[in-house]
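Visitor: Heads up: the sequence lines are chains U and E, in that order. Be aware that the first sequence starts at 0, since it is given in numbering that gives the first Met the number 0, and climbs by one per residue. Be aware that the second sequence starts at 0, since it is given in numbering that gives the first Met the number 0, and climbs by one per residue.
No lab work stands behind these hints, which were simulated from the structure alone. Treat the hints with care, as some may be off.
Claimed, not checked - Lysine-lysine pairs mimicking DSS-like chemistry, simulated, CA-CA at most 27 Å apart: (1) Lys-198/U with Lys-181/U; (2) Lys-258/U with Lys-239/U; (3) Lys-189/E with Lys-258/U; (4) Lys-180/U with Lys-189/E; (5) Lys-95/E with Lys-198/U; (6) Lys-239/U with Lys-261/U; (7) Lys-180/U with Lys-198/U; (8) Lys-198/U with Lys-239/U; (9) Lys-239/U with Lys-181/U; (10) Lys-239/U with Lys-180/U; (11) Lys-261/U with Lys-189/E; (12) Lys-95/E with Lys-181/U; (13) Lys-180/U with Lys-258/U; (14) Lys-258/U with Lys-95/E.
Stated by the list, open to error - Every beta carbon over 10 Å from chain E, so not counted as near; a handful from chain U, in silico: (15) Phe-16; (16) Gly-18; (17) Gly-92; (18) Thr-105; (19) Pro-125; (20) Tyr-163; (21) Gln-188; (22) Gly-203; (23) Asn-218; (24) Ser-244; (25) Pro-254; (26) Tyr-263.
Positions of the beta carbon are idealized from the N, C-alpha and C atoms, including for glycine.
Residue-level listing of the chains:
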Amino acid sequence: MPRVRSSRRASAGVSVFVGRGRGRSEEQIVFAPSGRELYGLLYKPQGPCLGGLVVCAPDGEERMWSQRMLVHAARVLADHGLLVLRFDYRGQGESSGNYEETSVRTRIEDIGAALALLRNRVDGAPVFLLGARLGGTLALRASANDPHGIGVALWEPVLDTAAYVQELLRVNISTQMMMFKKVLRNRTQLADAIAAGEKVSVNGFDLCRPFVEELDHLNPVRCLAQSSGRRLLLLSPSSKYEGTSSEEVLRLEFPVFWKEPKNYYGSLPALEDATLAWIRRSTPSVGSTPGSPSGRTGTARGGIIG
Amino acid sequence: MMNESAPMSLGIGVPTSFLCDSFRLYGMIHPSRDPNQRPSTGVVMLNPGPTDRAGAHRFSIKLAERFAGMGYPTLRFDPRGTGESEGDWDPGFDGKPILNPYDEVERGVWIPDTHAAIEHLIQASGVSSVVLGGVCGGSITALLAGAEHPRVDGIFMIGNPVTLSRQTLTDVSMLPQQTLDGEFRRYVGKLLRPSAWMRLIGLRTDFRTLWGVLANRARLLLPGGRRGLERAPVEALSPPFARSFQTAVLHRKRLLFVYSTNDYHWHEFQEYFLSTRSEIERRAFELSCIADANHNLTEERWQEELYGILLPWQRATASRGATQ
Chain U
0 MPRVRSSRRA
10 SAGVSVFVGR
20 GRGRSEEQIV
30 FAPSGRELYG
40 LLYKPQGPCL
50 GGLVVCAPDG
60 EERMWSQRML
70 VHAARVLADH
80 GLLVLRFDYR
90 GQGESSGNYE
100 ETSVRTRIED
110 IGAALALLRN
120 RVDGAPVFLL
130 GARLGGTLAL
140 RASANDPHGI
150 GVALWEPVLD
160 TAAYVQELLR
170 VNISTQMMMF
180 KKVLRNRTQL
190 ADAIAAGEKV
200 SVNGFDLCRP
210 FVEELDHLNP
220 VRCLAQSSGR
230 RLLLLSPSSK
240 YEGTSSEEVL
250 RLEFPVFWKE
260 PKNYYGSLPA
270 LEDATLAWIR
280 RSTPSVGSTP
290 GSPSGRTGTA
300 RGGIIG
Chain E
0 MMNESAPMSL
10 GIGVPTSFLC
20 DSFRLYGMIH
30 PSRDPNQRPS
40 TGVVMLNPGP
50 TDRAGAHRFS
60 IKLAERFAGM
70 GYPTLRFDPR
80 GTGESEGDWD
90 PGFDGKPILN
100 PYDEVERGVW
110 IPDTHAAIEH
120 LIQASGVSSV
130 VLGGVCGGSI
140 TALLAGAEHP
150 RVDGIFMIGN
160 PVTLSRQTLT
170 DVSMLPQQTL
180 DGEFRRYVGK
190 LLRPSAWMRL
200 IGLRTDFRTL
210 WGVLANRARL
220 LLPGGRRGLE
230 RAPVEALSPP
240 FARSFQTAVL
250 HRKRLLFVYS
260 TNDYHWHEFQ
270 EYFLSTRSEI
280 ERRAFELSCI
290 ADANHNLTEE
300 RWQEELYGIL
310 LPWQRATASR
320 GATQ
């Protein structure tokens, strides 16, 4: 390979990163349930596997903004003895397929496939779902089909799917304003267009009828009320959800991790800690790794778990 | 026969990873789908900023699939501190403006990672040279890393920032005049909107920008105002960009700039860079625009227009590389 000079600034810039060479064991995987190819990354614990956890990502553009923080969470949880699987739904991220060909049903099938894969690897240890935003809503719905009464941690889940769709349509209207300096189709007209089978772009992700119709019927609050497994809801203080006696609800301060940020955040320590504490309550061996009496490795909260 | 047609459904690449400065970097290789030729040129695509390698609305994947369909193996990867790769930004970045990591990117923080990626693609796919490119932060990384790299034949830059964003976006007076004019028209358009007045009364308006735009307009009304406001473009140009551009020209790299006309980076490019280039320098690069498109090319027709510009350029660049 020919020698290449690096600029002075570039070599200096390397110092803005930490966590060099932590020697984690991570594995990129492609799994192919029913012919579709899903991409995931497995985060393996250094010691014995004390349990498993599947991360269900937010949807569409929210996936992109939150990804790094979910990668961080996956590493923290693996450091505490869990085998963690992060994966992309079909039509999103690195998985095969087109976004507009997917629906709520396909996403729930994909969560089921990820769960099956993880269960094969944890040798009977307990398995959990962690879902963020719509991923939380989907995880909740997927857990209803699970015969094992799986525990689900939800990070600021979408509990009003109709309002969620309206928010997505608002993005399309912003694009119209930018392109045409006026609104050509309002939200009602956009919703009608989707119902008529048209695709409506939301920052490049095409909303289509099956997905939107199924979102309308999802009813996450009813899912919560009817669910039997353990539920942890981590909500921002502004969330209007009151909660019921059947789930644990914590209101925490954390950044809006699913939208384009004004400030940079590489991790969500409050959500990571609360999730870990909740898992530990049902699986006491998790997190009691030597040298980490607080259950958190590395430096102080918000520090580097590189 | 090369297959430039759009893939019916996005396929999955081949997962890959490699080390750079002992950070493990994760990526995907899209192997050539042209069975009739052994590829000699590959493509390395760079991340737009501190987001993952799929790009906005998976645009990097769409583009990589097109390149692979033409016979060019393509690597997308997450540089350190982003996507799935190892390394974290220093804790001092947490809670601070997102412009800080962007500033590091625009100054070349991912040059070593890009060089490692070039080496990895060459080893993994057997190509002898590469084209580098990306959108926004990916394009400036491509230029900084490829300007004098002997294995780089060409660099494509989509929505490339020619200033340092932390400087431009925190000082309204540094914004290009076209952008300030557009902001002024936007404010005028809001005058009859009650919601805008509510924001103003509720102190939710961005007063720094509002004041900067109004101050700019006031100065324009003064005699000779527009001329007086003209900044020496060299002050606004990003030094790493200016230096690397000169280096790339010196090393006879093929350079392509593509801009969306609804992107303030296009205004910057015109005011601070294009207007000050000599005739000889202008001949050293190609420039294309996509009318009315936004920064992330979110509409399908804009993406198609980009493919129409980029794919023939890629083929020409690879042909030139093969004959050298």
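Visitor: Are there hints from earlier that the structure breaks, and if so, what are their numbers?
Guide: 5, 8, 9, 10, 12, 15, 16, 17, 22, 25 and 26
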